[in-house]
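From first to last, the protein sequence lines stand for chains A and B. Every letter in the first sequence is one number past the one before it in our numbering, and letter 119, counting from 1, is 119. Residues are numbered in our numbering as their position in the second sequence, beginning at 1, plus a constant of 1000.
Just to be clear, a hint being listed does not mean it is correct.
[What the hints assert, rightly or not] Quick list of in silico lysine to any residue cross-link-like pairs, SDA-like style, CA-CA up to 25 Å:
#1 B:Lys1054 with A:Leu24
#2 B:Lys1100 with B:Val1018
#3 B:Lys1091 with A:Arg141
#4 A:Lys13 with A:Thr28
#5 B:Lys1091 with A:Val25
#6 B:Lys1071 with A:Gln106
[To be verified] Residues from chain B that keep clear of chain A, each with C-beta distances beyond 12 Å, as calculated:
#7 Thr1012
#8 Thr1017
#9 Glu1035
#10 Val1041
#11 Glu1053
#12 Ser1103
[Stated by the list, open to error] Restraint-style ranges between C-beta atoms, simulated for each label pair:
#13 A:Gly74 with B:His1076: 52 to 62 Å
#14 A:Arg141 with B:Arg1094: 22 to 32 Å
#15 A:Arg141 with B:Gly1044: 52 to 62 Å
#16 A:Val25 with B:Gly1097: 23 to 33 Å
#17 A:Ser140 with B:Gly1044: 44 to 54 Å
#18 A:Arg141 with B:Asp1009: 35 to 45 Å
#19 A:Lys13 with B:Val1114: 37 to 47 Å
#20 B:Glu1015 with A:Thr125: 47 to 57 Å
#21 B:Thr1012 with A:Met131: 46 to 56 Å
#22 A:Gln107 with B:Leu1090: 20 to 30 Å
#23 B:Asp1009 with A:Ser6: 36 to 46 Å
#24 B:Asp1005 with A:Gln65: 25 to 35 Å
#25 A:Gln107 with B:Gly1023: 22 to 32 Å
#26 A:Gln65 with B:Glu1015: 46 to 56 Å
If you're looking for bench data, these hints aren't it; they were derived computationally from the structure. Built from N, CA and C at the ideal position, the CB exists for glycine as well.
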Amino acid sequence: MVPSASTVTLTIKPDLSHVRLVRLVAVTLGRLNGIGEDVLDDVRLATGEACSRAVASHLHHGLAQPVEVELRGGDGLDVCVRDFVPLPPATGESAAEVLRQDMVEQQSALPEAIGLIEGVSDDVTVHTGEMGTTVEMRWSRA
Amino acid sequence: MHPVDLSLDTRTEGEHTVVAVGGEIDVYTAPRLREALIDLVDAGTYHIVVDVEKVEFLDSTGLGVLVGGLKRVRAHNGSLQVVCTQERLLKIFRITGLTKVFSIHDSVSDAVAVR
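Isolated chain A, as found in the complex (with noise of 0.2 Å):
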């Protein structure tokens, strides 16, 4: 059993394969830390959906540095993750547009995966600047 306020880091290697593996442990972890069955869908899409798109920047970047992700469980789950493409800095809903407009460009999958990402979680934050960009999404207790 893992404790209720564990924590789990997960580096992953610019690898769109690996993003399968992320979305398992965050369901896992969210489960674990008392998310609604209904919800899990939610993190799953969610975090898939941010991890997917690190995991593609760095790859159309150029970059062999792993992505991170850190899931945080306690009173409900906190996932982030993090990838180390610069972009110009922003946070919130400036920063999410930034976001939009690098997929735009990159063409790798659909901008409206940070739409995605708002519509499914309780609270989302995406800080973009010099060092890369976060995506923190968080899921309260049912």
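Starting from the known structure of chain A, fit chain B onto it as the hints suggest.
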């Protein structure tokens, strides 16, 4: 390791070609669906029904593949319809506004009845 978890089964029903998809359509597996749709259009198939009833997971990349398929068949005055009754997938179509783009049906028989 290649955890490909996507199945594609293509059959003809009248004037339509039905692509029954199973498993997970994500950033890793979606290119296989994209190739299948491109192959169909290249072979002159312009009325396609994509049945996602056995799909367990669909992400924005998968949606992008469906949108791409729709654009291709429309270039030939064709159609691409979706069969889906799973609420968790319909929710994704709704959030992205794609319920206004695709004809979404409850069954293959309903979809092939449309021309």
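> What are the numbers of the hints that this structure violates, sorted from low to high?
Replying inline: none
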